[in-house]
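> Sequence:
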Amino acid sequence: MQCRAGCGACCIAPSISSPLPGMPAGKPAGVRCLHLDENHLCGLFGRPG
Numbered sequence: 499m500q501c502r503a504g505c506g507a508c509c510i511a512p513s514i515s516s517p518l519p520g521m522p523a524g525k526p527a528g529v530r531c532l533h534l535d536e537n538h539l540c541g542l543f544g545r546p547g
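Residue numbering for the sequence shown is 499 to 547, as defined by our numbering.
Read the hints as simulated data drawn from the structure, not as lab findings. A quick note: this is a predicted structure, and the numbers were derived from the prediction, not measured. Hints should not be assumed to be uniformly reliable.
Below are the SDA-like pairs computed for lysine to any residue, each with C-alpha atoms no more than 25 Å apart in a straight line [unchecked claim]:
id	residue 1	residue 2
1	Lys525	Asp535
2	Lys525	Cys505
3	Lys525	Ile514
4	Lys525	Gly544
5	Lys525	Ile510
Now the in silico label distances, taken between C-beta atoms and shown as ranges [claimed, not checked]:
id	residue 1	residue 2	range
6	Cys501	Ala527	15 to 21 Å
7	Ala523	Phe543	18 to 24 Å
8	Gly544	Gly504	14 to 20 Å
We treat Cβ as the ideally placed atom computed from N, Cα and C, and that holds for glycine.
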């Protein structure tokens, strides 16, 4: 996936029902994911897990 610089929408807009590291209940839509960094990039995407 190629992220658009400064966007972060993929880590804010959708609800996520699956557990994430640090977010065991997932997250509701419109809430910033804990793993979205200061450059609006996902800190988890592409990491083995």
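> Look at each hint and say if it fits the structure.
Do the hints match the structure? See the list:
1. Lys525 with Asp535: holds (16 Å)
2. Lys525 with Cys505: holds (18 Å)
3. Lys525 with Ile514: Answer holds: Lys525 to Ile514 is near 5 Å, not above 25 Å.
4. Lys525 with Gly544: holds (20 Å)
5. Lys525 with Ile510: Given that 25 Å is the threshold and the Cα spacing comes to 9 Å, the pair holds.
6. Cys501 with Ala527: 15 to 21 Å: holds (19 Å)
7. Ala523 with Phe543: 18 to 24 Å: Since the Cβ atoms of Ala523 and Phe543 sit about 20 Å apart, the hinted range of 18 to 24 Å holds.
8. Gly544 with Gly504: 14 to 20 Å: holds (19 Å)
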